[in-house]
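Asks: Protein sequence lines correspond, in order, to chains A and B. Residues 1 to 117 in the working numbering are what the first sequence spells out, letter by letter. Residues 118 to 234 in the working numbering are what the second sequence spells out, letter by letter.
These are calculated hints, taken from the structure and not from any lab test. Note that the Cβ used here is the ideal one computed from N, Cα and C, for glycine as well. A couple of the hints might just be wrong.
Computed spacing ranges between beta-carbons, pair by pair [unchecked claim]:
1. B:Lys139 to A:Gln112: 25 to 33 Å
2. B:Gly133 to A:Thr72: 40 to 48 Å
3. B:Leu144 to A:Thr72: 28 to 36 Å
4. A:Ala1 to B:Glu170: 21 to 29 Å
Reference listing, derived: stretches of chain B covered by chain A, where coverage requires no fewer than 3 residues with Cβ under 8 Å from a Cβ of chain A [to be verified]:
5. 157-166
6. 222-231
35 Å max Cα-Cα, derived DSBU-like pairs, lysine-lysine [claimed, not checked]:
7. A:Lys58 to B:Lys161
8. A:Lys77 to B:Lys126
9. A:Lys22 to B:Lys158
10. B:Lys157 to A:Lys22
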Amino acid sequence: AQSVAQPEDQVNVAEGNPLTVKCTYSVSGNPYLFWYVQYPNRGLQFLLKYITGDNLVKGSYGFEAEFNKSQTSFHLKKPSALVSDSALYFCAVRDQGRGSTLGRLYFGRGTQLTVWP
Amino acid sequence: DTAVSQTPKYLVTQMGNDKSIKCEQNLGHDTMYWYKQDSKKFLKIMFSYNNKELIINETVPNRFSPKSPDKAHLNLHINSLELGDSAVYFCASSQAFKGFGDYNEQFFGPGTRLTVL
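From just these sequences and the hints, can you work out the full model?
Replies: Below, the structure written as structure tokens:
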């Protein structure tokens, strides 16, 4: 069964410091991996995705993520955090649809990132 | 211009009532989705329509009935509302077809906060 684990409910970091939000996944076949961000009372916004190719993926707002197949991980990173990065971050994995079906997107439980000034 | 819009933004109603949530996307996508986010922020797929055809139907009570009059609209009707239906409901869309395009990111609406009293 497909699943995503975000082992940390909360990550706190000082502005200007690097940040990492962890994600591990389980999926049959090749994974499609995504990161989304949710600001308070808003919908989810797409940050970046890994489909194939280079293991280091760059996305919006200076975020990047590294796909590690052997560790089944897809950690989100940013070299220098901003207070405005404070939000809820979701990792998601999509299995591949076959025939008449679509792949489903499975979300982790989310990690609340707080960046203090 | 709002890419994925939902109405209403807030919905407060009594147990046993019937209510609808509307969703529209102007991105020209073929596939639309309904997700439920519970009080712990966990996101789960409910339904997916591909070009007006029901593709994904998760284990959802049959009190929930999606309707897609055209590929730009996906409405959610809920009969006999229960306390446990209180949640935030998100509509999303993506450019995906049966078995193809699962790697495309989904665009989410702002959500509808449903409160059942």
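Asks: Against this structure, judge whether each hint is valid.
Replies: Status of each hint after checking the structure:
1. B:Lys139 to A:Gln112: 25 to 33 Å: Taking Cβ atoms as reference, B:Lys139 and A:Gln112 lie about 30 Å apart, which means the hint holds.
2. B:Gly133 to A:Thr72: 40 to 48 Å: Holds, at about 45 Å.
3. B:Leu144 to A:Thr72: 28 to 36 Å: At 32 Å between Cβs, range holds.
4. A:Ala1 to B:Glu170: 21 to 29 Å: 25 Å, holds
5. 157-166: holds (count 7)
6. 222-231: Contact hint for the region 222-231 of chain B vs chain A: holds, 7 residues under 8 Å.
7. A:Lys58 to B:Lys161: 26 Å, holds
8. A:Lys77 to B:Lys126: Distance of about 32 Å is within 35 Å: holds.
9. A:Lys22 to B:Lys158: 17 Å, holds
10. B:Lys157 to A:Lys22: 19 Å, holds
Every hint, counting from the list given before, is met by this structure.
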